[in-house]
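Let the sequences and hints guide you as you build the complete structure.
Chain by chain, the residues:
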Amino acid sequence: MAKSVAEVKSLLKQYGNLRAVDDISFELLEGEVFAFLGPNGAGKTTTVEILECIRPLTSGSARVFGYDVTKRDDVKEIKKRIGVLPQDFSALDKLSVKENIDLIGGMYQKKLDTIEVIKLLDLEDKAKERFENLSGGLKQRVGVAAALVNDPQLVFLDEPTTGLDPKARREVWHVIENLKKLDKTVFLTTHYMEEAQLLADRIGVINKGKIVAIGSPQDLISQYGGLKTLIIRKGGKKLAQTLQERYGSTTLNHNGDVLMKADDVNEMWRALSTLTTLNLDKEIEIQTPTIEDVFLKVVGGRITEEGELK
Amino acid sequence: MIRPLVIFLAVTKNWIRSRSGLFFSIMFPVLLLIVFGAIFGGGGGGGASTLFVQNLDRNSDGTATQLSSAFVEALNSTKTFAIRDVPVDVDPKVWARDKLGPLGGNIRIVIVSEGFERDVINGTLKVKVGISYNLLNTTYQYFAPDLNETEKMAYEQGLAQMRQYNETLPYSRTSLTLAFDASDQSAAIIKNIVMNVANAFNYGLIGATNVIEFKEESVVSKSYGAVDYYVPGLIAAFIMTNGIIALTSITTEFKRRGIIKRLSITPLTKFDWIIGNILSQTLLSLMLTAIMIVVGWIVFKVQAIPDALSIILIFLGSVMFSGLGMVLGGLVKDVEAASALGNAIAFPMMFLSGTYFPMEFMPSYLQSVARVLPLTYFSEGLRYALIYKYTEGVFTNMAVVSALAVAFIIIGSVATRWKEK
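Line by line, the protein sequences give chains A and B.
Mapped onto this note's numbering, the consecutive letters of the first sequence carry residue numbers 1 to 310.
Mapped onto this note's numbering, the consecutive letters of the second sequence carry residue numbers 311 to 731.
Be a bit skeptical, because a hint or two may be false.
For lysine-lysine, the following BS3-like pairs were computed, each having C-alpha atoms within a straight-line distance of at most 27 Å [stated by the list, open to error]:
| no. | chain 1 | residue 1 | chain 2 | residue 2 |
| --- | --- | --- | --- | --- |
| 1 | A | 210 | B | 729 |
| 2 | A | 71 | B | 611 |
| 3 | A | 9 | B | 731 |
| 4 | A | 71 | A | 94 |
| 5 | B | 611 | B | 389 |
| 6 | A | 110 | B | 729 |
| 7 | A | 3 | A | 111 |
| 8 | A | 111 | B | 611 |
| 9 | A | 228 | A | 76 |
| 10 | A | 228 | A | 310 |
| 11 | B | 565 | A | 76 |
| 12 | A | 110 | A | 80 |
| 13 | B | 729 | A | 80 |
| 14 | A | 110 | B | 323 |
The hints are simulated quantities; they were obtained by calculation from the structure and are not laboratory data.
Structure representation (structure tokens):
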């Protein structure tokens, strides 16, 4: 069992009558990528910023490396050991990539060589470029570099790919995968299902300040994702009837595709063998449930590109 | 102690590389200095102000009478005015406005009335006879006890005749008319000069000499021009605007873009951040001062000499105004509000603190307002330090500036938010 890096117990953050974070408990394990998945306003950033010691909590407890985020002396110890890419990261426009990383590095007594960090993020060509001239994806990479400059054990990435184009998003994903190789513990927040599923070892689905589901993507999918679907393209009405009679759970969609829901793969193989018997040459596809299905199940909605729940 | 230096280097670099920042913090003040100096400093321009003179005292052949010409010549000899003759047959006000043009500035007219020479001669004669009578009368009263009756009678008869003669002389005085625009701020000065000339003329006519000699001595050891007044004022005013407007906008922009938040996650403390910014502003202020003095010296021969005391004062002034900028930056959320608030404070302060014109020109209630404005003490102190070398005055102002600097830093530290809510 991996060591716990951070521990949150019954955490509550209240603004007037609004409970931005409503009695949540979870822990971060050493070396894992933990993703907080939820729509805008779910309480992701609030939780992260409490752990970063820049937002006070209302009640409950939050400890990072065993240090209490509410204690002044502990905060100093936490700040030394964490790296942060804040939401909407920005830096000094007129300074170069290297100068901006140096600026953040200058705040720490123990830090990595800036050039080393620049290499790590593949930013050598851009080291002398001013921050204002960089693309969105490159700016995020500078943000990650700045987050790594103090060689932290725990890295917070708050919505690292929001607002980026698909190509830049993939670049950032690649960076996060590399962090994992460096044995960093990563706390990622996102509203992109694909991102959470692809990168996270464990996902906490958060909505309206509450964690509604938590676990590895596989566990969540098997628990909440529902059945796999066998799709036989243009299978036709007759085939649909046959499969329905033999195995049940079969429907025909408006394209003439036959859809058969099944719990396990064996059942699907049997259905496919029926196709062989009937000597049918059809295109087939097996659709497995995704985190999106999990989210739909546990939250009861989908998240738009902009992060809103609908 | 290294963190404030890292912040100082970063924000200074960021500022120096920003063209608009550089323009408003350095170039704009320099341009303003040149404009002000050119307008008020008389940098090679004409200098003497125009004085229109309409001499209505003419001989029968139309030439000016001897005495009226002498009076106009006396005005001319002051070298204060460029005298322009107004023809006798025109309305002098209309004529002068016409000649000066709509932007020609203030109209000042002296009208020498008709009969000036005659009245001056008559008046002078009456005064002279009167003086002689008084002198003889006093002498007679003194010696009377030693005189016999015949001698007494002869004297008294003579005196009576003299008195009678004086009474027959017309009691005439002549007048000069001075016409000014109501808004003319220099009217009083010009009136004094004209009156002095007239008095000198009066004394000369009756043969009097000055008993009281008026020695003129400046309160400062050298003579100073208007630009000498503006250089320290403008330096002080722009250190103020750099602190209140520029720094407030910069910190609000840093806040809006999350740069302050990013830094607050590191071990950097709020105090380190404030010190770093203040150091950066101080460097900017010293650069501004150096450039202003060099430009002032090259273009206008300004006599400002920065010494250790003025550098200390500039440092303290920068700390004071960047502290105030930190207070304002901590209070407002967005950049627009920051710049509006900064301007709302900076501009009235700039005009009320004796930066552009001496406070003595203002009504007394505004002078009382000026006495509570930080810039008043800073610009006055800087003027004493850079130009007048009046050390005692520097120390008084420096004390006020230091106290406010400490106060603003403390309030600024409280106002700057280093944590989210």
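Against the structure, the hints come out as follows:
Taken as a hint, the residue 210 (chain A) and residue 729 (chain B) pair is honoured in the structure, with Cα atoms around 24 Å apart against an allowance of 27 Å. A threshold of 27 Å between alpha carbons decides the hint, and for residue 71 (chain A) with residue 611 (chain B) the separation of about 61 Å lies outside it, so the pair is violated. In summary, the hint linking residue 9 (chain A) to residue 731 (chain B) is supported, as the alpha carbons are separated by about 20 Å, within the 27 Å threshold. With a CA separation close to 36 Å, the supplied pair residue 71 (chain A) and residue 94 (chain A) exceeds the 27 Å bound.
For the given pair, residue 611 (chain B) sits about 23 Å from residue 389 (chain B) by alpha-carbon distance, which is consistent with the 27 Å threshold. Taking the CA atoms of residue 110 (chain A) and residue 729 (chain B), the gap is near 24 Å; set against the 27 Å cutoff, the hint holds. With a CA separation close to 24 Å, the supplied pair residue 3 (chain A) and residue 111 (chain A) stays within the 27 Å bound. The suggested pairing of residue 111 (chain A) with residue 611 (chain B) is violated, with an alpha-carbon distance near 53 Å, which exceeds 27 Å.
Taking the CA atoms of residue 228 (chain A) and residue 76 (chain A), the gap is about 49 Å. The hint is violated against a cut of 27 Å. About 24 Å separates the Cα atoms of residue 228 (chain A) and residue 310 (chain A), which keeps this hinted pair within 27 Å; it holds. In summary, the hint linking residue 565 (chain B) to residue 76 (chain A) is supported, as the alpha carbons are separated by about 22 Å, within the 27 Å threshold. A threshold of 27 Å between alpha carbons decides the hint, and for residue 110 (chain A) with residue 80 (chain A) the separation of about 8 Å falls inside it, so the pair holds.
For the hint linking residue 729 (chain B) to residue 80 (chain A), the alpha-carbon distance of about 17 Å falls within 27 Å, and the restraint holds. Of the pairs offered as hints, the one joining residue 110 (chain A) and residue 323 (chain B) holds, with about 24 Å between alpha carbons and a cut-off of 27 Å not exceeded.
In terms of the numbered hints stated before, the structure departs from hints 2, 4, 8, 9, listed from lowest to highest.
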